[in-house]
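Trainee: Those sequence lines, one after another, are chains A and B. Going by my numbering, the first sequence opens with residue 10, and the numbers climb by one from there. Going by my numbering, the second sequence opens with residue 2, and the numbers climb by one from there.
Don't take every hint at face value.
With a straight-line cut-off of 30 Å between C-alpha atoms, the simulated DSSO-like cross-links for lysine-lysine are [stated by the list, open to error]: (1) 37(B) / 60(B); (2) 66(A) / 52(B); (3) 37(B) / 18(A).
Label-pair distances were calculated between CB atoms; the ranges are [said to hold, decoys possible]: (4) 56(B) / 118(A): 28 to 34 Å; (5) 42(B) / 80(A): 41 to 47 Å; (6) 71(A) / 56(B): 28 to 34 Å; (7) 82(A) / 18(B): 43 to 49 Å.
To be clear, the hints were calculated from the coordinates, so they are not data collected in a lab. Even glycine gets a Cβ: it sits at the ideal position worked out from N, Cα and C.
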Amino acid sequence: DSGVTQTPKHLITATGQRVTLRCSPRSGDLSVYWYQQSLDQGLQFLIQYYNGEERAKGNILERFSAQQFPDLHSELNLSSLELGDSALYFCASSPRYTPKYFGPGTRLTVL
Amino acid sequence: GQQVMQIPQYQHVQEGEDFTTYCNSSTTLSNIQWYKQRPGGHPVFLIQLVKSGEVKKQKRLTFQFGEAKKNSSLHITATQTTDVGTYFCAGVSSFGNEKLTFGTGTRLTIIP
Chain A
10 DSGVTQTPKH
20 LITATGQRVT
30 LRCSPRSGDL
40 SVYWYQQSLD
50 QGLQFLIQYY
60 NGEERAKGNI
70 LERFSAQQFP
80 DLHSELNLSS
90 LELGDSALYF
100 CASSPRYTPK
110 YFGPGTRLTV
120 L
Chain B
2 GQQVMQIPQY
12 QHVQEGEDFT
22 TYCNSSTTLS
32 NIQWYKQRPG
42 GHPVFLIQLV
52 KSGEVKKQKR
62 LTFQFGEAKK
72 NSSLHITATQ
82 TTDVGTYFCA
92 GVSSFGNEKL
102 TFGTGTRLTI
112 IP
């Protein structure tokens, strides 16, 4: 158990819909990262927040947005969903700037 | 942008044989990390290497960071069925925003 929690575990939705994925970092960690992993693919970095502020952006689509709240939990919002958005979405946390501890992931299926 | 490649993409070995995966970055790295992801699981942090030429061991696993800090390797001696999974390296570039870029991964399967 990494100490990073993600909800929900599974999410099934339809194209065009909007969903919100939630992540709670390990206690004391200020950084939260979001990664996308498509079937049998590597991990694509989406975005990083540090203590509430956006710190780095990766290959995040304009339809996706994220934020980190004062209690340090983070949410990833995915809108106008397409079939290709089906993937595992991982959140990771760390005390500072390099991710270390990954959550169990949210499996998103877009039908 | 920074790219991190791993070879091989897949490796099937007989139980008890050794296994090595290689990681190459297009840019110099300040540090490199290795992760293991079991089928259906999440990446689990194994180790971080920081110094040029650094070698670290964890039981049957040996991790090496190249002298030029652009490549790394993971060697497993006498594989066991519990070693099954995908091994990812992930590097932090020496230039810029400390973003961690994951390699393409090597999927290891063990033939009992």
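Trainee: Could you run down the list of hints and mark each one as holding or not?
Mentor: Now the hints, each set against the structure:
1. 37(B) / 60(B): holds (15 Å)
2. 66(A) / 52(B): holds (27 Å)
3. 37(B) / 18(A): Roughly 20 Å between the alpha carbons, so the hint for residue 37(B) and residue 18(A) holds.
4. 56(B) / 118(A): 28 to 34 Å: violated (43 Å)
5. 42(B) / 80(A): 41 to 47 Å: Violated - the Cβ-Cβ distance for residue 42(B) and residue 80(A), about 27 Å, lies outside 41 to 47 Å.
6. 71(A) / 56(B): 28 to 34 Å: 44 Å Cβ-Cβ, so the 28 to 34 Å window is violated.
7. 82(A) / 18(B): 43 to 49 Å: Because 44 Å falls inside the window, the suggested range holds.
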